[in-house]
Amino acid sequence: MDVPSRNRPFVLLVAVILAQVLLLAFQIKRGQDVRLIRVWSAELLTPPQRAGTFVISKIDSTWFGYIDLRHTRAENRQLTTEVGLLRLKNEQLEGQAAEAGRLAKLLGFRQANSSVPTVAAEVIGASADSNSQTIFINRGASDGLRRNMAVVTPDGVVGKIFEVLPHMAQVLLVTDKESGVGALLANTRTHGVVKGTGDPLLWMDYVTAGEKVPVGEEILTSGEDRIFPKDLPVGTVVSMKPGSPIQTIKVKPAAHLDRLEEVLVLLTEQSLKARESDAAAGSAAPETKSPSDKAQGRAAKIPKSAVTTKNTAGATKNAAPATNHAKTPVKTPAPLVKKPAAAAKPGGTSPAGARR
Amino acid sequence: MTVRMDSDAQHIEVHKFYGGAVAVVCFLALVIQAFLNKFSTHFQLLELPLLVVVYFGLSRRNSASGLLLGTAVGLLQDGISHTPIGLYGIAKGFIGYIASSVGARLDTEHPISRFILMFLFFHIHQIVLAITIHLLLARPEPFFSIPLLIASLVNSAVAVFLFAGLDRLRR
Chain A
1 MDVPSRNRPF
11 VLLVAVILAQ
21 VLLLAFQIKR
31 GQDVRLIRVW
41 SAELLTPPQR
51 AGTFVISKID
61 STWFGYIDLR
71 HTRAENRQLT
81 TEVGLLRLKN
91 EQLEGQAAEA
101 GRLAKLLGFR
111 QANSSVPTVA
121 AEVIGASADS
131 NSQTIFINRG
141 ASDGLRRNMA
151 VVTPDGVVGK
161 IFEVLPHMAQ
171 VLLVTDKESG
181 VGALLANTRT
191 HGVVKGTGDP
201 LLWMDYVTAG
211 EKVPVGEEIL
221 TSGEDRIFPK
231 DLPVGTVVSM
241 KPGSPIQTIK
251 VKPAAHLDRL
261 EEVLVLLTEQ
271 SLKARESDAA
281 AGSAAPETKS
291 PSDKAQGRAA
301 KIPKSAVTTK
311 NTAGATKNAA
321 PATNHAKTPV
331 KTPAPLVKKP
341 AAAAKPGGTS
351 PAGARR
Chain B
1001 MTVRMDSDAQ
1011 HIEVHKFYGG
1021 AVAVVCFLAL
1031 VIQAFLNKFS
1041 THFQLLELPL
1051 LVVVYFGLSR
1061 RNSASGLLLG
1071 TAVGLLQDGI
1081 SHTPIGLYGI
1091 AKGFIGYIAS
1101 SVGARLDTEH
1111 PISRFILMFL
1121 FFHIHQIVLA
1131 ITIHLLLARP
1141 EPFFSIPLLI
1151 ASLVNSAVAV
1161 FLFAGLDRLR
1171 R
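If you're matching them up, the sequences are chains A and B in order.
Okay, so the first sequence: first residue is 1 according to my numbering, each after it adds one.
Okay, so the second sequence: first residue is 1001 according to my numbering, each after it adds one.
A few of these clues could be false.
Not the full set, but computed from the structure, chain B residues with beta-carbon under 7 Å of chain A [stated by the list, open to error]:
hint: 1; residue: Ser1063
hint: 2; residue: Ser1065
hint: 3; residue: Leu1067
hint: 4; residue: Ile1085
hint: 5; residue: Leu1137
hint: 6; residue: Pro1140
I should point out that these hints are in silico values taken from the structure, not numbers from a laboratory.
For each residue, glycine too, the CB sits at the ideal point set by N, CA and C.
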C-alpha cells in the first residue's frame, strides 16, 4: 500500500496504538473471566456468521420449500391415500378394541356369576315397528333358549326372550309398553313393578304415597317375577311425583339399551313350583339342586353398580354379523330348565311382560 | 546542534542529542520515578517519564520517532507498574506523536510556552489514559480532578527546569 509520506507518522500512530490495544485486550479479562480479545473476536465474527447462517437458511428453505418440490404432488397423493387407509384401519381397530372391551365386560359378569348358566348372544336386529321395543339376537332354540328367559348385560336388565326361533330369538326390552319387571328400591327394599312406557324412561308402579323415594336411588330386580334373578340393576330413579294412592316414579334403565351389541341370556328359567319341589327334596337329590338356590347365591354376587344410561330412543343397533361370538355351554342339566308354561305361578306377582 | 530543514516552505529546527543520551535519560526517568515513589507518596505527583517523552518529542520534532519513543517509555512504565501492558504505552505514544507535531509548529524553547505545553500534555495524557481505562478495563477513571490539576502544575513547573537541564545534552 502506497501511503503518502506526509501521512506516514499518522498511520504509524494508528498502528502502534492498535497494536497496544490488542496487547491490552490479551491481558484484560471481563465479566466471566473471559479475555477481552476473545470477547472482541466473538463480537467481530458472530455477526457475519449469523448473517451467513440466515442467508443459508433462507436459501435452504427456499430451495426445499419451493424449488425442490418436483415429486411433492405425487407424494402428496400417495400420502393422502395412505392416510385414508390408515384411518380406515384405525377405525376397524377401534371398533375391535371396543368390542373386546364389551366382551371382556360380559366375560367378567359371567365369571362373577359362574353358577348361572348363560349364553352370550349378539344383537342382530331391532324391531321394524316403532311402537314395540324389541331386538333380535343370534341365539335360538338350538342354543337352549326358551321363552321368558332373562336377557341382561353387565350393566343391568335388558328384557326377556319373547319369541324363540331355531337360530334366533326376539327380545322384548324393558322399555316396551308390554314389559314389566318385579323390582324393589335398593335402600328401602320397597317392592313394586317397573314397567316400560315405550319411551326411553321406565316407570315404577305400585309404590304407595307414604314411601320416600329419593331421586337417584337404585332400583333392583326383586326376583318375584321369576324371570330375572334377584338384585340385578334395573335402573335409577330420575323423578318422583307424589300421587294418591300410588306415586309416579320415573326410572332410567341401567342397561345401555340404545347401544346394545352383546347380551347375555340367563338359562335359569324355572318355576316357583319346581323351586319349591327342589327345596323340599333338599340334599336328597343333589343333581336336581334348584337353580333358584344358585340364583340366590348368584344374586349376592351381582354387583349393584349404579349405571347411567342415555336415551333409549332408537333402542338398538344392528350388530356385526355373528361370526366369532362366544357361546357358553349350558351348564345346567336339562331337567333344570323348565318350560315357561310350567313357570307361571298362579296368583303370583307377574309383570305385564311376563303375562304376554 | 540544530539542523534546519526545509519542509513545506517552513523552517523546522531539529535538535540532535549526544549518542545514547535519549535512551539514558528515559531509562533514568523511569528508574528515578520508581525510586522516588518508594520514599514518599508525594512524588507520585511527578510524571518523569511523561516529561522526558514530551521534551524529546518537542525537541526532535519527528512524529514517528516521538511516537515510538513515547510508546517504548510507556511500555516500560507499564512493565514496572501494576497496570496491563500497553496502557501507558498508548497514552505516552500518543503524547510523543502530538508533542513532535506541535514542536514543529510552535516555539517550544521559551519557559512559559514549555510550562503551558507541559500543562496541556499532562491533561491530554490523563484524558487518553482515562479513555483507555474506561473502554478497555471498564473501570471509572477521572478525566479531571483537583489532585490532577495540582499534579499538572507541579509537573509543568518541574518541566521548565528539567527541560532547561536537558537542553545541555543537545549537540
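For each hint, the structure was consulted:
1. Contact between Ser1063 of chain B and chain A, as hinted, is supported at the beta carbon level, the nearest pair being about 3 Å apart and thus within 7 Å.
2. Interface hint status for Ser1065 of chain B: violated, as the beta-carbon distance to the closest one in chain A is roughly 9 Å, over 7 Å.
3. Annotation: interface hint on Leu1067 of chain B holds; nearest CB of chain A at approximately 5 Å, less than 7 Å.
4. Checking Ile1085 of chain B against chain A: minimum C-beta separation of about 6 Å stays under 7 Å; hint holds.
5. The interface hint given for Leu1137 of chain B is met, as the beta carbon of that residue sits about 6 Å from the closest beta carbon of chain A, less than 7 Å.
6. At a threshold of 7 Å, the smallest CB-CB gap from Pro1140 of chain B to chain A is about 15 Å, leaving the interface hint violated.
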